[in-house]
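Let the sequences and hints guide you as you build the complete structure.
Chains as they are written, first to last, in numbering that gives the first Met the number 0: chain V, 0 to 449; chain S, 0 to 273.
Rather than coming from a laboratory, the hints here were simulated on the basis of the structure.
Where a beta carbon is used, it is the ideal one built from N, C-alpha and C, also for glycine.
No false leads were slipped in.
Label-pair ranges, simulated between beta-carbon atoms:
id	chain 1	residue 1	chain 2	residue 2	range
1	S	Glu132	V	Glu36	25 to 31 Å
2	V	Glu224	S	Glu6	43 to 49 Å
3	V	Arg413	S	Met112	51 to 57 Å
4	S	Glu77	V	Lys286	25 to 31 Å
5	V	Lys145	S	Asp111	41 to 47 Å
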Amino acid sequence: MFGFLKGKSGQNGRKEKVVVIGIDGVPCSLLRRFIEEGLMPNLAKLAAKGTLSDMTASIPEVSSTSWTTFMTGVNPGRHGIYGFMELQKDTYQWRFPNSSDIKSSTLWDIAGRHNKKSIVLNVPSTYPAKPLNGILTAGFVALDLKKATYPDSAYQYLAGMGYKMDVDTKKAQESLSALADDIEQTFIIRKNAILHFLDNHEWDLFIGVITETDRLHHYLWAALEDPQHPQHNFFIDFYRKLDVFIGEAYEKTGDDVPFIILSDHGSTAIKQEIYLNAWLRGKGYLKFMKDNPQSLEDIDGESTIFALDPSRFYIHMKGKYPRGRVAPSGYENLRQRLKEDLMSLTVDGEKVIKTVFFREELYSGDHYDEAPDVVALSHNGYDLKGSISKIQITGRSFLTGGHTRGDAVFYINRKIQATDINIVDVGPTVMSFLKIRDDYFDGVSLMKNL
Amino acid sequence: MDFKEREMLMASSLEEKINQSKKVIKEAIEKFGTEKLAVAWTGGKDSTTMTWLFRETCRDLSVPMPKIMFIDEGYVFEEIWDVVNRLKKEWDLNVIIAKNTDVSDKAKNVGDMIKVSSLNERNRSEIAKLGFEDAEFPFEPESYVGNHLMKTVAMNIFLEDYGVHALATAIRWDEQSARIEETYFSDRSNPPHTRVQPILHFKERDIWNFIFKYNVPFCVLYNEGYRSLGAKGSTVKMSDIPAWEQDLENTTERAGRGQGKEEIMGKLRDLGYM
Numbered sequence: 000m001f002g003f004l005k006g007k008s009g010q011n012g013r014k015e016k017v018v019v020i021g022i023d024g025v026p027c028s029l030l031r032r033f034i035e036e037g038l039m040p041n042l043a044k045l046a047a048k049g050t051l052s053d054m055t056a057s058i059p060e061v062s063s064t065s066w067t068t069f070m071t072g073v074n075p076g077r078h079g080i081y082g083f084m085e086l087q088k089d090t091y092q093w094r095f096p097n098s099s100d101i102k103s104s105t106l107w108d109i110a111g112r113h114n115k116k117s118i119v120l121n122v123p124s125t126y127p128a129k130p131l132n133g134i135l136t137a138g139f140v141a142l143d144l145k146k147a148t149y150p151d152s153a154y155q156y157l158a159g160m161g162y163k164m165d166v167d168t169k170k171a172q173e174s175l176s177a178l179a180d181d182i183e184q185t186f187i188i189r190k191n192a193i194l195h196f197l198d199n200h201e202w203d204l205f206i207g208v209i210t211e212t213d214r215l216h217h218y219l220w221a222a223l224e225d226p227q228h229p230q231h232n233f234f235i236d237f238y239r240k241l242d243v244f245i246g247e248a249y250e251k252t253g254d255d256v257p258f259i260i261l262s263d264h265g266s267t268a269i270k271q272e273i274y275l276n277a278w279l280r281g282k283g284y285l286k287f288m289k290d291n292p293q294s295l296e297d298i299d300g301e302s303t304i305f306a307l308d309p310s311r312f313y314i315h316m317k318g319k320y321p322r323g324r325v326a327p328s329g330y331e332n333l334r335q336r337l338k339e340d341l342m343s344l345t346v347d348g349e350k351v352i353k354t355v356f357f358r359e360e361l362y363s364g365d366h367y368d369e370a371p372d373v374v375a376l377s378h379n380g381y382d383l384k385g386s387i388s389k390i391q392i393t394g395r396s397f398l399t400g401g402h403t404r405g406d407a408v409f410y411i412n413r414k415i416q417a418t419d420i421n422i423v424d425v426g427p428t429v430m431s432f433l434k435i436r437d438d439y440f441d442g443v444s445l446m447k448n449l
Numbered sequence: 000m001d002f003k004e005r006e007m008l009m010a011s012s013l014e015e016k017i018n019q020s021k022k023v024i025k026e027a028i029e030k031f032g033t034e035k036l037a038v039a040w041t042g043g044k045d046s047t048t049m050t051w052l053f054r055e056t057c058r059d060l061s062v063p064m065p066k067i068m069f070i071d072e073g074y075v076f077e078e079i080w081d082v083v084n085r086l087k088k089e090w091d092l093n094v095i096i097a098k099n100t101d102v103s104d105k106a107k108n109v110g111d112m113i114k115v116s117s118l119n120e121r122n123r124s125e126i127a128k129l130g131f132e133d134a135e136f137p138f139e140p141e142s143y144v145g146n147h148l149m150k151t152v153a154m155n156i157f158l159e160d161y162g163v164h165a166l167a168t169a170i171r172w173d174e175q176s177a178r179i180e181e182t183y184f185s186d187r188s189n190p191p192h193t194r195v196q197p198i199l200h201f202k203e204r205d206i207w208n209f210i211f212k213y214n215v216p217f218c219v220l221y222n223e224g225y226r227s228l229g230a231k232g233s234t235v236k237m238s239d240i241p242a243w244e245q246d247l248e249n250t251t252e253r254a255g256r257g258q259g260k261e262e263i264m265g266k267l268r269d270l271g272y273m
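Below, the structure written as structure tokens:
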């Protein structure tokens, strides 16, 4: 690797540069294992010259919240993204936050104000694309490539190369091998797009995210541990290919440019899915006006608590929701009772919930009012769900891999002393390399002690 | 098919679109014959449009109409049965109901648990292929096992039993971004057959223009605001105004604010949310 000789960082007077590669849902423990087993030689080299650490994700540990925490460097109480969906308080209808719901500046907004150019590829929750000083194509949940991409020249390029915004998860209904093929094809196109923009465009801040890892984990985690599984080799080979990609991206970047790798949460085998609304119904907290409710539009006025994916609980307050009946005086008691009940929830004799947080323990800022009242964190393997129509409390689905809050990945090609890294610290770290230091962030740059 | 060609087809007039579809149907009939060809009909607006186009083309070619497959996944809207039964008579269709009764017979109501061991060998091996190892599963619209057995397996059994070599389905490019790579003819394995997709280039708006222009009967649920119809229980209304009066063109423009909702929900469901 002759990054120094390449001297890319000196081009066009762009001195301060930084590269961030996102690998959605990758657990640090899995990377360590594959390094040890010799499956990821490029990453092994990088780990030796820099720092590979586990990291803690946001709460809830879902991509929309975690990536937004990374891209803003602030907590959800300020950026306003608590999950993939919200309830419209006046109608109980679903609402799906998109890029215009992010209430804080993104790293590229801030970089742009300092005349820095950014290239931002496939970061979740950035759809539809907003204009920036640079190039952006949005990640999950992007619906239309044209709307997902800024400027139009980048759209023309991506459309021309046959860019795929996401894995076609519907392929899983055909067969897992059809899905595996689609994961691989999507990854190849994604990687080609990332390497193209890394190599052929000017930038100060470069962010490219691989989301195929997360899809692989959700659908094929069972294939990882079972050598007899038809997709076992596919899973292992996928990580080899990821390693080749990391090597290629690093070679194009060079040693002298800070190179960060991060994931937005870890992944683990699902033991059971836990349907929180079915549990709330059983405990008498939640009632519907129909036997087979399809949405919270069917919520009964006697309900005191409901849950949204994956682990957010909301008190059905009077005045806040049309049918809400909980008075402010009842709020505290109700939260306490919920916490106690959650902590004693067991499945097959095992405790399901590790920690119960009240909103004030997690969030602060202008959008604190939108925060869930209570959030639960489960023991690994218990996948908390907010499904409305489930009747049983536990069950299994087509997914075999779920998220973990711990065991996310942070890597940098510098030796740093850092413990307890949280995803909120990554944004300020990235910006410190662009010489943008700001106490505006909630996170703290991991380079501050160097 | 490249990007430009697809854009041109999607931008053409309704009459040109109808002719393009008839061309695809004609090619399918010439290739597979009407005996080995089947039409997948859900009673929804798209597959009803496709069925109408098949009838027209068969009349033009003076060949019999292929058989029609209707999947009864156990949670069909009563309103869908109404339109299916009505058109079956009016259009004289040979409708074959594909239903995995080995599974549905074991459950009285949605939510009932079904024991894997109570099922026949075919269904047990299909469950094993999914990697599902529990002893029982709920008969629920959202349950993966139930959905797979009642839809995919029911369809596969139909294809095998009737020796179907090609199945026409009414998917459209503008339905969701993942569909954009679909082609008029697309080969499938397991069981091996060809998918014929003659109305790919129709936009949602074209379907409604077509339905009103040619007076094609449609399911009353569209009047109540449903935009597209799936199984009862997993289909939600997007609005209370009739489907064709909704803002169809800005579906993706308004992501997350009403009109892109169903697509977003579908993507989230595939990752285990909702």
